[in-house]
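Top line first, the protein sequences correspond to chains S and E.
At position 171 of the first sequence (counting the first as 1) the number is 225 in our numbering, and the numbers step up by one without a gap.
At position 297 of the second sequence (counting the first as 1) the number is 351 in our numbering, and the numbers step up by one without a gap.
Hints are supplied without guarantee of correctness; some may be wrong.
To be verified - Chain E regions said to be covered by chain S (calculated; three or more residues, Cβ under 8 angstroms):
1) 100-108
2) 147-154
Unchecked claim - If the Cβ cut is set under 7 angstroms, some of the chain S residues that face chain E in the computed set are:
3) L96
4) G100
5) N103
Stated by the list, open to error - The calculated label-pair distances, taken between Cβ atoms and stated as ranges, are:
6) E:E249 x S:A108: 27 to 37 angstroms
7) E:T91 x S:D273: 35 to 45 angstroms
8) E:R312 x S:E219: 41 to 51 angstroms
9) S:D351 x E:R104: 46 to 56 angstroms
10) E:D241 x S:A118: 47 to 57 angstroms
11) E:S110 x S:P267: 30 to 40 angstroms
Calculated directly from the structure, the hints in this document are not laboratory data.
Glycine residues also receive a C-beta, built at the ideal position from the N, C-alpha and C atoms.
Number of protein chains: 2
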Amino acid sequence: MLTVDGLQYSHWSREIFEQMREGGVDAVHATLVYHETTRETLTRIGEWNRRFEAHSDLIMPVQAPSDILRAQQVGKVGIFFGAQNCSPIEDDIDMVTVLRQLGLLIMQLTYNNQSLLACGCYESEDSGITRFGRQVIREMNRVGMVIDMSHSSERSTLEAIELSERPVIISHANPSFFHAAKRNKSDKVLKAIAENDGLLGFSAYPFHLKNGPDCTLEDYCDMIARTVDLMGIEHVGLGTDLCQNQPTSVLDWMRNGRWSKEMDYGEGSASNAGWPQPLAWLRDSRDFPNLIEGLRDKGFGEEEIARIMGRNWLALLERTTTPMV
Amino acid sequence: MLTVDGLQYSHWSREIFEQMREGGVDAVHATLVYHETTRETLTRIGEWNRRFEAHSDLIMPVQAPSDILRAQQVGKVGIFFGAQNCSPIEDDIDMVTVLRQLGLLIMQLTYNNQSLLACGCYESEDSGITRFGRQVIREMNRVGMVIDMSHSSERSTLEAIELSERPVIISHANPSFFHAAKRNKSDKVLKAIAENDGLLGFSAYPFHLKNGPDCTLEDYCDMIARTVDLMGIEHVGLGTDLCQNQPTSVLDWMRNGRWSKEMDYGEGSASNAGWPQPLAWLRDSRDFPNLIEGLRDKGFGEEEIARIMGRNWLALLERTTTPMV
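Only chain S is shown next, with the shape it has when bound in the complex (with noise of 0.2 angstroms):
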């Protein structure tokens, strides 16, 4: 079954992606970058480039979607990257098409914070998309580069949605009706999504979940069936937000970047700073067996759990990253 998980921030190792081959993961959406500049970005591509080099046997880059077939076909994992804020394209429009020709297939308009594109969903205040921003809508359109609104506001990601002539996506978040989180999203949000012919991709990252580290694989496929009920079988994913094996430095990186000399703990807090604890049923990537049993038990056919667990990521990536010429 054709297995594409729409997240994950590892610290990359050949362990790692052995664990993918090893639960059948046939593609994986990278990131690339959380707030890095376009030259730091150029500095992760190469170290990615050497991962491809040594890890030929077990990886491929994806720059087209039919690279996923293909990767399932020879047995690697296909990796495509993302870019978690837009920090790579500085204030530089030029850079759309740059980094989309290295590669970059996704990138968020927003990580929590305002960017020069849109609000993130931990300001008070979301303006909305900013003039930048609406010509990079319109750029990411054309050289086919996905709207990727996972960390961004209401208003903001309503929108994107409305200016993008593509489908926009939430690569990794849940539905607020299952957890309240400032990470997760409306109702209104996700119809729009869904109406625009996006998708959302589940996250598994604990504050994204009920009961966090503690949400069973129950409750987390029943969210799934409840999201579908919604959203329609086509425009829903995975997007597990798997990071293993981080250091605290990269959960200080991803939340403060260079912008705040306090420390600021994001989803958790000063008595809860490190990472979450795993669950239980998806410590690693080889638990990618777990869900589609999951899936089974909730009801879901297998022509369903086929559409949850890749194609739909395939489909989705087919309708927005080919370059309209």
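Starting from the known structure of chain S, fit chain E onto it as the hints suggest.
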């Protein structure tokens, strides 16, 4: 007749692209940068992406040699990028692959001065290829980026040829026997280039020519004939170094970059500080047919002329730019 110019650096405009088509030019090695950093190089690529978009009826990017034939077929000018210095990779070997991904097919190891890789032809001491240079040569070989020694000095050039597993080129210069200039090349270097299956592109930049701007077409073609005797008909092509409509500020950037507070006049002098006068028989790309006529008058056969005018450049790129896997 397939026509490839192995170096131009003009103030690019629609008019210049139209002149190329009028002169029957099918592909041009366009200088992307002189002393730009990695980030600045991306800005230059961004500017080219805009040109490709705005003038898509006239020009197209060349990512692989086959694109040159495609350009000829559809009646456009194929543009392939080269860097005149190694500044785009800074001190970071990973940038070789990243820039190759963005279409940088050719890179000079030095521009007149000592670089991090090798020695330029204006230094008084040439200590040869550096430690970093050896690594970069291997990496350029691996990913298929052509090593260009046009502005390098003799020892560094010979060592680069020795170290490189693939042909090395001099994209734009002339033999010293025709005109003694710091930028022109000794018989020893030219023979080594030929033995290595590389290529010399004949410059039409007046500073590289006997009698400067007054050099006749006949003398130029005589130089070609003598060089063919030395290097063989497979190892020569054009590299006109046409620089049209550039302000003197660009000449200053070429010559001084950020490295000198005092004006360095390069091939010129205080009393002759500006751009040289163009040749009467090669004012711009519309005059390429003059070269064909000149070669015929010199007694070259049609097959030989086809090689000099473009086929040799195509063959060189075919044997040097495919990635080694």
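Handout entry: Numbered hints the structure breaks, given as an ascending list
Key = 7, 11
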